[in-house]
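Asker: These are the residues of each chain, in order.
Protein chains: 4
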Amino acid sequence: MGKKKKIRTPFFETGVKNYIYGDAVLEYAQVVDKAAEKYDIDVLFISPYTDIRRIAKSTKNLIILAPYMDTLRPGRGIADVLPEAVKAAGAQGVVLNHCERPMTLNAIEKTIERANELDMLSFACADSISEAKAISQFHPDIINPEPTELIGSTEASDMSYVVETLRVIKDIFPDILVEQAAGITNGKQVYDFIMAGNDGAGSASGILLSEDPFAMVDEMIFNVKKAKKDLKN
Amino acid sequence: MGKKKKIRTPFFETGVKNYIYGDAVLEYAQVVDKAAEKYDIDVLFISPYTDIRRIAKSTKNLIILAPYMDTLRPGRGIADVLPEAVKAAGAQGVVLNHCERPMTLNAIEKTIERANELDMLSFACADSISEAKAISQFHPDIINPEPTELIGSTEASDMSYVVETLRVIKDIFPDILVEQAAGITNGKQVYDFIMAGNDGAGSASGILLSEDPFAMVDEMIFNVKKAKKDLKN
Amino acid sequence: MGKKKKIRTPFFETGVKNYIYGDAVLEYAQVVDKAAEKYDIDVLFISPYTDIRRIAKSTKNLIILAPYMDTLRPGRGIADVLPEAVKAAGAQGVVLNHCERPMTLNAIEKTIERANELDMLSFACADSISEAKAISQFHPDIINPEPTELIGSTEASDMSYVVETLRVIKDIFPDILVEQAAGITNGKQVYDFIMAGNDGAGSASGILLSEDPFAMVDEMIFNVKKAKKDLKN
Amino acid sequence: MGKKKKIRTPFFETGVKNYIYGDAVLEYAQVVDKAAEKYDIDVLFISPYTDIRRIAKSTKNLIILAPYMDTLRPGRGIADVLPEAVKAAGAQGVVLNHCERPMTLNAIEKTIERANELDMLSFACADSISEAKAISQFHPDIINPEPTELIGSTEASDMSYVVETLRVIKDIFPDILVEQAAGITNGKQVYDFIMAGNDGAGSASGILLSEDPFAMVDEMIFNVKKAKKDLKN
Numbered sequence: 001m002g003k004k005k006k007i008r009t010p011f012f013e014t015g016v017k018n019y020i021y022g023d024a025v026l027e028y029a030q031v032v033d034k035a036a037e038k039y040d041i042d043v044l045f046i047s048p049y050t051d052i053r054r055i056a057k058s059t060k061n062l063i064i065l066a067p068y069m070d071t072l073r074p075g076r077g078i079a080d081v082l083p084e085a086v087k088a089a090g091a092q093g094v095v096l097n098h099c100e101r102p103m104t105l106n107a108i109e110k111t112i113e114r115a116n117e118l119d120m121l122s123f124a125c126a127d128s129i130s131e132a133k134a135i136s137q138f139h140p141d142i143i144n145p146e147p148t149e150l151i152g153s154t155e156a157s158d159m160s161y162v163v164e165t166l167r168v169i170k171d172i173f174p175d176i177l178v179e180q181a182a183g184i185t186n187g188k189q190v191y192d193f194i195m196a197g198n199d200g201a202g203s204a205s206g207i208l209l210s211e212d213p214f215a216m217v218d219e220m221i222f223n224v225k226k227a228k229k230d231l232k233n
Numbered sequence: 001m002g003k004k005k006k007i008r009t010p011f012f013e014t015g016v017k018n019y020i021y022g023d024a025v026l027e028y029a030q031v032v033d034k035a036a037e038k039y040d041i042d043v044l045f046i047s048p049y050t051d052i053r054r055i056a057k058s059t060k061n062l063i064i065l066a067p068y069m070d071t072l073r074p075g076r077g078i079a080d081v082l083p084e085a086v087k088a089a090g091a092q093g094v095v096l097n098h099c100e101r102p103m104t105l106n107a108i109e110k111t112i113e114r115a116n117e118l119d120m121l122s123f124a125c126a127d128s129i130s131e132a133k134a135i136s137q138f139h140p141d142i143i144n145p146e147p148t149e150l151i152g153s154t155e156a157s158d159m160s161y162v163v164e165t166l167r168v169i170k171d172i173f174p175d176i177l178v179e180q181a182a183g184i185t186n187g188k189q190v191y192d193f194i195m196a197g198n199d200g201a202g203s204a205s206g207i208l209l210s211e212d213p214f215a216m217v218d219e220m221i222f223n224v225k226k227a228k229k230d231l232k233n
Numbered sequence: 001m002g003k004k005k006k007i008r009t010p011f012f013e014t015g016v017k018n019y020i021y022g023d024a025v026l027e028y029a030q031v032v033d034k035a036a037e038k039y040d041i042d043v044l045f046i047s048p049y050t051d052i053r054r055i056a057k058s059t060k061n062l063i064i065l066a067p068y069m070d071t072l073r074p075g076r077g078i079a080d081v082l083p084e085a086v087k088a089a090g091a092q093g094v095v096l097n098h099c100e101r102p103m104t105l106n107a108i109e110k111t112i113e114r115a116n117e118l119d120m121l122s123f124a125c126a127d128s129i130s131e132a133k134a135i136s137q138f139h140p141d142i143i144n145p146e147p148t149e150l151i152g153s154t155e156a157s158d159m160s161y162v163v164e165t166l167r168v169i170k171d172i173f174p175d176i177l178v179e180q181a182a183g184i185t186n187g188k189q190v191y192d193f194i195m196a197g198n199d200g201a202g203s204a205s206g207i208l209l210s211e212d213p214f215a216m217v218d219e220m221i222f223n224v225k226k227a228k229k230d231l232k233n
Numbered sequence: 001m002g003k004k005k006k007i008r009t010p011f012f013e014t015g016v017k018n019y020i021y022g023d024a025v026l027e028y029a030q031v032v033d034k035a036a037e038k039y040d041i042d043v044l045f046i047s048p049y050t051d052i053r054r055i056a057k058s059t060k061n062l063i064i065l066a067p068y069m070d071t072l073r074p075g076r077g078i079a080d081v082l083p084e085a086v087k088a089a090g091a092q093g094v095v096l097n098h099c100e101r102p103m104t105l106n107a108i109e110k111t112i113e114r115a116n117e118l119d120m121l122s123f124a125c126a127d128s129i130s131e132a133k134a135i136s137q138f139h140p141d142i143i144n145p146e147p148t149e150l151i152g153s154t155e156a157s158d159m160s161y162v163v164e165t166l167r168v169i170k171d172i173f174p175d176i177l178v179e180q181a182a183g184i185t186n187g188k189q190v191y192d193f194i195m196a197g198n199d200g201a202g203s204a205s206g207i208l209l210s211e212d213p214f215a216m217v218d219e220m221i222f223n224v225k226k227a228k229k230d231l232k233n
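Residue numbers (my numbering), protein chains in the order written: chain A, 1 to 233; chain B, 1 to 233; chain C, 1 to 233; chain D, 1 to 233.
In short, the hints are calculated from the structure, not lab data. Quick caveat, the model's predicted, so the values are computed rather than measured.
For identical chains, the list gives no copy identity; a pair is met inside one copy or between any two copies.
Straight-line alpha carbon distances no greater than 35 Å define the calculated DSBU-like cross-link-like pairs of lysine-lysine that follow:
| # | residue 1 | residue 2 |
| --- | --- | --- |
| 1 | K226 | K60 |
| 2 | K188 | K6 |
| 3 | K188 | K110 |
| 4 | K34 | K60 |
| 5 | K6 | K229 |
| 6 | K232 | K3 |
Given these sequences and hints, build the entire structure.
Answerer: Here is the structure:
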């Protein structure tokens, strides 16, 4: 089966949600792949099911995540997303409990178990500090806490929340990687979040709805690199 | 957008559910593709999301169906199956209301509308004669009625049910294609169902759980061809 | 078990959704009960689960419907709504497939079967003409078609839709009762819908959001009676 | 609004699931009520929605819990279970995340918030030690951990699991009450679990499937009382 992919920190994460589809997804993935290579930064890429295999074949530096998977085992079942199938297609991990695809507590636990069984990374989302603490108990590899409390708040209070989520998660399992992705729309935010101690930063809407998505993703990954250097010094 | 794929009758339908995954899916699809060419028969192939594009690229005679799709439009939404994405990957149609993925009445209607909008075939499943009549109202392209009443019944009573489902569906819209797939495990059944007036026959479990799946799928498609000839004479 | 309640037409239907709760529900039900008696009109009353028994005990002229029920049988299962339990509490029927509680095709069929088994009335909702035709196949006792096509349309085109839904349903099973409830906010509409051939009319939001709900429900039931008389002459 | 009901420990918990319905539920509740009075023990009683009000009216010593509730607020919505409605009917608390009604992480958090807002007790179920730790983060009033690990294990290993769940929950919030209910079928087990440090014990199937349910519930509550005395000495 091989081993679970080791992520070098700080990392970047992006995806396409359903903003684009077909060849545009591949084109975007290839641009991200080049920036990942250029700055020597690990990038997680959340891909629609249909595009996982092609992106895996056509890129070299991306850690591809499926946007969800079921926990069934090979056998019957139509339209279910079989963990073995997304892994065979090239996914090295899976997203869990995205606010647009909430999961039951039990399914979260079972999906992390299945991911571990297949040496796949588990990337869990949480909507509040309590949710982040709850989900930490299952020891996923990465947590993306996007506190709904943040929405509408000032930059300053944002950062105190960020620091708090970071603290409570690391307090439970220090090796869980923490990524911030809430409302990131420029490279400066990426830099600031990583300097504040986060293991990664991510953006999908912030890039794809920007004026020049290809330039924006380059800017963001550049800032991951910049923060990495500044943290070393 | 092009036009909706025209299916030549009698046709055959198969898929892999979750019995196999990865390269085994491609290998099976290629065997089916060859049999489709050899007997000059249209074959519908239900593919896991992750394998649609590769099968579309690597085969010539299959009409690929996604096992399900959502009805959202391009934009936000993670883990949803975007119709435009499955079409761009190579799917020419979509399965609806499979008993392992039941859908609400409203979602059935909306999914058929989305399929029509994208010139995709709609392949709807029904669990009883009443369900077959109900689902016919939305005018899908193909209906696969698998009456639970059939289970455990004798061959003779089976055929009377088959004839009844055929009649009630064609009575509502004569151009809906009717496929029988319940419990088909050999070529003789395929032949008999088509001789009884059905537009197609299908099998997934019956093939993949057989001793020699590649031989079995050839046998079944051969029987579609045989019935086609005998119907002409 | 007794027999399924026979509804005298034209009838009226109302309920409280979640606009009010507790004693206010009983108070409203008693006002409706009095109007039902005063005008000698059958009134269907959709009650929250918690209030079914008390309303059944405290009123004489209402035909109480549960807003939904599951199809499980007595045994395990927590939080499921057992058909036998809602019937024992006093419900004489059940609502199916309300647009705020959509059901799968299969659940619609099974729920109507369970209702028939317990001599409970089945009151099914449909969102379009195709849905009304589809749901008619299962032969529920009453259909409430609320075409989304209606929304925003003119009064004149409204009535042509109403007549069309009425025609397609009666065409499938003439004994299905058809009720109109979409956007009814005054007695005049109740009168017009019944004069147009509908078996019943209903309103919940239109009454509870009106200035004087008790006066409004009296006005509407008065208009059912008025239409009944005018239809006789 | 009043104050949230204070539970005296050790307590007992029971309910009827869907084993019985109608008058049999009331009869059972009254037997439980008498035993609660006889032994002066607080008893939580999980009631079907339809029976909450009648049991609240007809008993004096039971703390009634709804088996589930939604989080919507008064207004639209049919078939949803409005928190204000179950409270008005007499429920003093609500069950969350029962394994027969699993909830999303987000719904668990929101339901506990709604319960607190209405001074209702939150009684949360968990299927494993990790789930118990996860759900503890939301600070429900009571947790019922029923480790699936327990199934088929020996009595001895059972108790070590029980002690472990107790420890991890109290470690997060010492004031969360912990109840054991997994597979309890006699009074001795009730006694042992409470002597092991649990705040309560519960049984539904174990009582209702026993030969003499009325005698069994008396035996169990007697054992709560016995343990209470023995713990004092």
